[in-house]
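Residue numbers (full-length UniProt numbering), protein chains in the order written: chain Z, 1 to 297; chain Y, 1 to 297; chain F, 1 to 297; chain X, 1 to 297.
No lab work stands behind these hints: they were computed from the structure.
There may be inaccurate statements among the hints.
Copies of one chain are not kept apart here, so a pair can be met inside one copy or by any two copies together.
Stated by the list, open to error - Computed cross-link-like contacts, DSBU-like style, restricted to lysine-lysine with a CA-CA straight-line distance of at most 30 Å:
#1 Lys110 / Lys242
#2 Lys223 / Lys25
#3 Lys151 / Lys223
#4 Lys110 / Lys151
#5 Lys107 / Lys242
#6 Lys297 / Lys110
4 protein chains.
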Amino acid sequence: MSASRKIAFVGLGIMGKPMAVNLVKAGHHVTGFDLSQASIDTVVAAGGHGAASIADAVKDAEVVITMVPADPHVEAVILGEGGVLENVGAGTLVIDMSSITPQTSIKVGKAAREKGVRTLDAPVSGGEAGAIEAVLSIMVGGEAADFAEAKPLFDALGTTVVHVGPDGAGQTVKAANQLIVAVNIQVLAEAVVFLENAGVDLAAALDVLGGGLAGSTVLNRKKANMLNREFAPGFRIDLHHKDMGIVTDAARAVGAALPVGAVVAQLVASARANGDGPLDHSALLRGVERLSGREVK
Amino acid sequence: MSASRKIAFVGLGIMGKPMAVNLVKAGHHVTGFDLSQASIDTVVAAGGHGAASIADAVKDAEVVITMVPADPHVEAVILGEGGVLENVGAGTLVIDMSSITPQTSIKVGKAAREKGVRTLDAPVSGGEAGAIEAVLSIMVGGEAADFAEAKPLFDALGTTVVHVGPDGAGQTVKAANQLIVAVNIQVLAEAVVFLENAGVDLAAALDVLGGGLAGSTVLNRKKANMLNREFAPGFRIDLHHKDMGIVTDAARAVGAALPVGAVVAQLVASARANGDGPLDHSALLRGVERLSGREVK
Amino acid sequence: MSASRKIAFVGLGIMGKPMAVNLVKAGHHVTGFDLSQASIDTVVAAGGHGAASIADAVKDAEVVITMVPADPHVEAVILGEGGVLENVGAGTLVIDMSSITPQTSIKVGKAAREKGVRTLDAPVSGGEAGAIEAVLSIMVGGEAADFAEAKPLFDALGTTVVHVGPDGAGQTVKAANQLIVAVNIQVLAEAVVFLENAGVDLAAALDVLGGGLAGSTVLNRKKANMLNREFAPGFRIDLHHKDMGIVTDAARAVGAALPVGAVVAQLVASARANGDGPLDHSALLRGVERLSGREVK
Amino acid sequence: MSASRKIAFVGLGIMGKPMAVNLVKAGHHVTGFDLSQASIDTVVAAGGHGAASIADAVKDAEVVITMVPADPHVEAVILGEGGVLENVGAGTLVIDMSSITPQTSIKVGKAAREKGVRTLDAPVSGGEAGAIEAVLSIMVGGEAADFAEAKPLFDALGTTVVHVGPDGAGQTVKAANQLIVAVNIQVLAEAVVFLENAGVDLAAALDVLGGGLAGSTVLNRKKANMLNREFAPGFRIDLHHKDMGIVTDAARAVGAALPVGAVVAQLVASARANGDGPLDHSALLRGVERLSGREVK
Numbered sequence: 001m002s003a004s005r006k007i008a009f010v011g012l013g014i015m016g017k018p019m020a021v022n023l024v025k026a027g028h029h030v031t032g033f034d035l036s037q038a039s040i041d042t043v044v045a046a047g048g049h050g051a052a053s054i055a056d057a058v059k060d061a062e063v064v065i066t067m068v069p070a071d072p073h074v075e076a077v078i079l080g081e082g083g084v085l086e087n088v089g090a091g092t093l094v095i096d097m098s099s100i101t102p103q104t105s106i107k108v109g110k111a112a113r114e115k116g117v118r119t120l121d122a123p124v125s126g127g128e129a130g131a132i133e134a135v136l137s138i139m140v141g142g143e144a145a146d147f148a149e150a151k152p153l154f155d156a157l158g159t160t161v162v163h164v165g166p167d168g169a170g171q172t173v174k175a176a177n178q179l180i181v182a183v184n185i186q187v188l189a190e191a192v193v194f195l196e197n198a199g200v201d202l203a204a205a206l207d208v209l210g211g212g213l214a215g216s217t218v219l220n221r222k223k224a225n226m227l228n229r230e231f232a233p234g235f236r237i238d239l240h241h242k243d244m245g246i247v248t249d250a251a252r253a254v255g256a257a258l259p260v261g262a263v264v265a266q267l268v269a270s271a272r273a274n275g276d277g278p279l280d281h282s283a284l285l286r287g288v289e290r291l292s293g294r295e296v297k
Numbered sequence: 001m002s003a004s005r006k007i008a009f010v011g012l013g014i015m016g017k018p019m020a021v022n023l024v025k026a027g028h029h030v031t032g033f034d035l036s037q038a039s040i041d042t043v044v045a046a047g048g049h050g051a052a053s054i055a056d057a058v059k060d061a062e063v064v065i066t067m068v069p070a071d072p073h074v075e076a077v078i079l080g081e082g083g084v085l086e087n088v089g090a091g092t093l094v095i096d097m098s099s100i101t102p103q104t105s106i107k108v109g110k111a112a113r114e115k116g117v118r119t120l121d122a123p124v125s126g127g128e129a130g131a132i133e134a135v136l137s138i139m140v141g142g143e144a145a146d147f148a149e150a151k152p153l154f155d156a157l158g159t160t161v162v163h164v165g166p167d168g169a170g171q172t173v174k175a176a177n178q179l180i181v182a183v184n185i186q187v188l189a190e191a192v193v194f195l196e197n198a199g200v201d202l203a204a205a206l207d208v209l210g211g212g213l214a215g216s217t218v219l220n221r222k223k224a225n226m227l228n229r230e231f232a233p234g235f236r237i238d239l240h241h242k243d244m245g246i247v248t249d250a251a252r253a254v255g256a257a258l259p260v261g262a263v264v265a266q267l268v269a270s271a272r273a274n275g276d277g278p279l280d281h282s283a284l285l286r287g288v289e290r291l292s293g294r295e296v297k
Numbered sequence: 001m002s003a004s005r006k007i008a009f010v011g012l013g014i015m016g017k018p019m020a021v022n023l024v025k026a027g028h029h030v031t032g033f034d035l036s037q038a039s040i041d042t043v044v045a046a047g048g049h050g051a052a053s054i055a056d057a058v059k060d061a062e063v064v065i066t067m068v069p070a071d072p073h074v075e076a077v078i079l080g081e082g083g084v085l086e087n088v089g090a091g092t093l094v095i096d097m098s099s100i101t102p103q104t105s106i107k108v109g110k111a112a113r114e115k116g117v118r119t120l121d122a123p124v125s126g127g128e129a130g131a132i133e134a135v136l137s138i139m140v141g142g143e144a145a146d147f148a149e150a151k152p153l154f155d156a157l158g159t160t161v162v163h164v165g166p167d168g169a170g171q172t173v174k175a176a177n178q179l180i181v182a183v184n185i186q187v188l189a190e191a192v193v194f195l196e197n198a199g200v201d202l203a204a205a206l207d208v209l210g211g212g213l214a215g216s217t218v219l220n221r222k223k224a225n226m227l228n229r230e231f232a233p234g235f236r237i238d239l240h241h242k243d244m245g246i247v248t249d250a251a252r253a254v255g256a257a258l259p260v261g262a263v264v265a266q267l268v269a270s271a272r273a274n275g276d277g278p279l280d281h282s283a284l285l286r287g288v289e290r291l292s293g294r295e296v297k
Numbered sequence: 001m002s003a004s005r006k007i008a009f010v011g012l013g014i015m016g017k018p019m020a021v022n023l024v025k026a027g028h029h030v031t032g033f034d035l036s037q038a039s040i041d042t043v044v045a046a047g048g049h050g051a052a053s054i055a056d057a058v059k060d061a062e063v064v065i066t067m068v069p070a071d072p073h074v075e076a077v078i079l080g081e082g083g084v085l086e087n088v089g090a091g092t093l094v095i096d097m098s099s100i101t102p103q104t105s106i107k108v109g110k111a112a113r114e115k116g117v118r119t120l121d122a123p124v125s126g127g128e129a130g131a132i133e134a135v136l137s138i139m140v141g142g143e144a145a146d147f148a149e150a151k152p153l154f155d156a157l158g159t160t161v162v163h164v165g166p167d168g169a170g171q172t173v174k175a176a177n178q179l180i181v182a183v184n185i186q187v188l189a190e191a192v193v194f195l196e197n198a199g200v201d202l203a204a205a206l207d208v209l210g211g212g213l214a215g216s217t218v219l220n221r222k223k224a225n226m227l228n229r230e231f232a233p234g235f236r237i238d239l240h241h242k243d244m245g246i247v248t249d250a251a252r253a254v255g256a257a258l259p260v261g262a263v264v265a266q267l268v269a270s271a272r273a274n275g276d277g278p279l280d281h282s283a284l285l286r287g288v289e290r291l292s293g294r295e296v297k
């Protein structure tokens, strides 16, 4: 077991709250802050502490973790007035676990370094269930020494924890993950409509496909959604739409061509425009059905 | 062990020859025919028999298996002058294991039925190694009773043997397999260039990606090719190009939209036009490098 | 005025009938054949002659013109049993004005040459109105001398008559025409939905767009269809769907990449799958509306 | 002739400088500001006036025109510290003629309105030559009354001046223009490679294509570039790359699907990544050549 650390945790939403609680359970001194007092209360009830502001939360922290929805929130919480950087001392380690663009993580890292503050970008995958059960995958960008220091904390939150490169690299890998997942779902959806239109026994076909080179985690986990047209999330198309924006922007920033990724980004956007935003991303199947002139149930 | 059957095997190429030999090993009476006498000799040496023509090969056969390169060969060998249908009696079971369009399989099935001949379409995946080791996946279209009768023969050739629907259904599933594989490779290639351009540690990134929802058999098996830029086949882009033609034609025939499949078909064609046809299909990575202005080694 | 020629005209459909009549009007001796006696009667009423079979129509002809729906009809009418090649003498000039794949035109040219028969492929654009008013564009592939000989006949049918290369070149240019038209319509449709979603005055916007580098014949001629959602054909999506099949096959045959053409081919197919086949091709707008989650009227 | 107005002109680059001079020539009192003193001197030499800062330039102006490279510059110059809004009085009319995202124009309009300042967004097309010769197309968003007031000024700068809707509408139409132009160029490039690969006489083919429904201003103006592989700008791919970013962001913001636009945005980015950024946008042809495995000269 690692030594207990003094941690400030800012952003106690669907993901942040169970993560903060898991850090408490691992023996750390965790002070939580969120705009929702109820979320703070949950952390306190688990044995943690509450704060009235970011300044209050971070003032004695060795490590600050932020977990907020998108780029503007990260900029506000870390770089903004009354934010983390204004209120921590040199040497503090700030770990942003939000999923945002690599460019913003790089900007945050640079601003922090100018004040002697260290940062890691450490987005996660695995969803709410992964957060609660502490089995997240965590992709970390930043300095190797800072990663080593933070590793015990990450181990309290997830099971796959990998240092993948410098500032922003965690975000880049998270973006690549979302790119691959969206495209793997889309092509599975195209295959399903093709197979059904041709009168094939879909369940049998997916079994044989899953056993060969066409097999994938997407096929394993989303097969039932597609067979049953059952699209309760899971991971919402609205969120994947946000992520495809990050992917295409980030790829553009580094000059990488995404001919297929760009098409799928449009199809995810189309799903959302058709009202499928709250459904699981396997509902990309509905878009292929619409394109193929089929009734969408 | 199943009862010994009298089998004619037409088409003893890279795939057909080891398959015929495996049927001999399983105790069947196999008469092989091919334009290459050397291939026939191999089957004879394994304990089978040779024939001087299709007519000669099929004259006493209970089951005829064909394994030839493409649609025109199937049409010539089964429907053509001096072909299988002209030389077999009513009740014979003709199993075409070539990878062709579902439309041609349907046409063959119809022509055979008019003569009282039964057919199955039973394309395979797994490549030369799978054929030699008798671990192919076999996707079978046709009547359930005919499938049941042929099942013991298929079991001598592969480990995953699935009846997926009526005439042509085997070909449709094979086409869907190639569609999914090509797209999964392409998006992995896009992700690799994106990750490298962004300065990420690629090996570490692929490890973490493989462990989550982005994981796939393609990622597992093709990761090393991409990391090392080592593209010895494997499955050649030339063959995948042929298969993408089948997929797009077949999807068009049944009114299924393949927005992503169509783009990837162009990228496979582009790879071939750039001289990458003889390389493994993981060399789609080279196309993304070209699009991204990178030097292609 | 050119010398009168003895012409056999095979295929008197929506396009062929008025073309045959225009050749009669230009002073030629035209013998028409079609499966519809009514169509033959129209040509006779205009001063032409009728025939009871292809053989009958072509037996004394100096020039044979064919105008049929698709590749299989051209193969049957020219190469098939009882077809043109069986019934004409060496030296006859056979002009196929159907819109088919360049590959079939090349095949026809080769088969004819073996019998000493000369061919041109000469597909047209301009539609039924262009055929009636003799203002077609005619794109001609074949030998220059044969083109020169046929030029006076073409001038009786159209106003833009161009020799564009060897056998099949006329079809290739026709295919390129359909490619450009489909894509120009599609992007105009994307722009229209984008402009409307953004609350722009569409009519004013299309006026200014038409006056600059974004201007096109498609914009001029299809603007009203899009503004008024009025999609009476015009040129039907069903026909453009056939043509996109020709384009993608022909490009594949010569190793040309069509990344955008391939996507648009899918969108044309999608329009057809959604029941828009009988509408004018400007109805690709409806597909963009569906993708954008808008009500399609 | 319209009444003389007191105009501040901020941003005297390739476009802004000749535009400011044209306003001087039209009899207006023009005070120019730019970071380049040489540019200011040119305006002064033409009969205008110079200023030492934005504050200095706008202090007595009735109308302020801004013409800067991109969104951040507009935000800095109009909304930033020491910028236009801080230094003008209520009632001033601020016309931003830069090409930026509609979203930023909307934001600028809102911020201005809160201070009683009126705005128009009025991007142009027509390039440097159009600016010098005062033949620009000007697409204007904002209030009708403000457009009416500004109309005489626009008439001194261009020949096509259209009010297309509320705040941001001018930018939206400019974005749509760039979308259509890029796609029309791309499909022309695909057609060119297809035609050449098939052995067609390209010049003859483009003539006949230009005369029919495939005709476009792009075909007319860019034909020579493509025939001669002569890609001196013209309009640089680097700039079109910026514009495709605006288009895709803006379409995303209003929920419009751009399946073809998104692919072309990738191909423009690819051209840039391959070093073609400084070439005319007709050099998208080089990308199709690369995809088709042809030597690119």
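How the hints compare with the structure:
With identical chains, the CA atoms of Lys110 and Lys242 are at most 30 Å apart both within one copy (24 Å) and between copies (25 Å). For the identical chains of this complex, Lys223 and Lys25 are neighbours neither inside a copy (35 Å) nor across copies (37 Å), given an alpha-carbon limit of 30 Å. With identical chains, the CA atoms of Lys151 and Lys223 are at most 30 Å apart between copies only, with a shortest distance of 26 Å across copies and 35 Å within one. In the homo-oligomer, the alpha carbons of Lys110 and Lys151 lie at most 30 Å apart inside one protomer (22 Å), although the nearest pairing across protomers, at 47 Å, exceeds that limit.
Taking identical chains as interchangeable, the C-alpha atoms of Lys107 and Lys242 lie at most 30 Å apart whether they share a chain (20 Å) or sit on different chains (21 Å). In the homo-oligomer, the alpha carbons of Lys297 and Lys110 never lie at most 30 Å apart, since the shortest distance is 49 Å inside one protomer and 34 Å across protomers.
The earlier numbered hints that this structure contradicts are 2 and 6.
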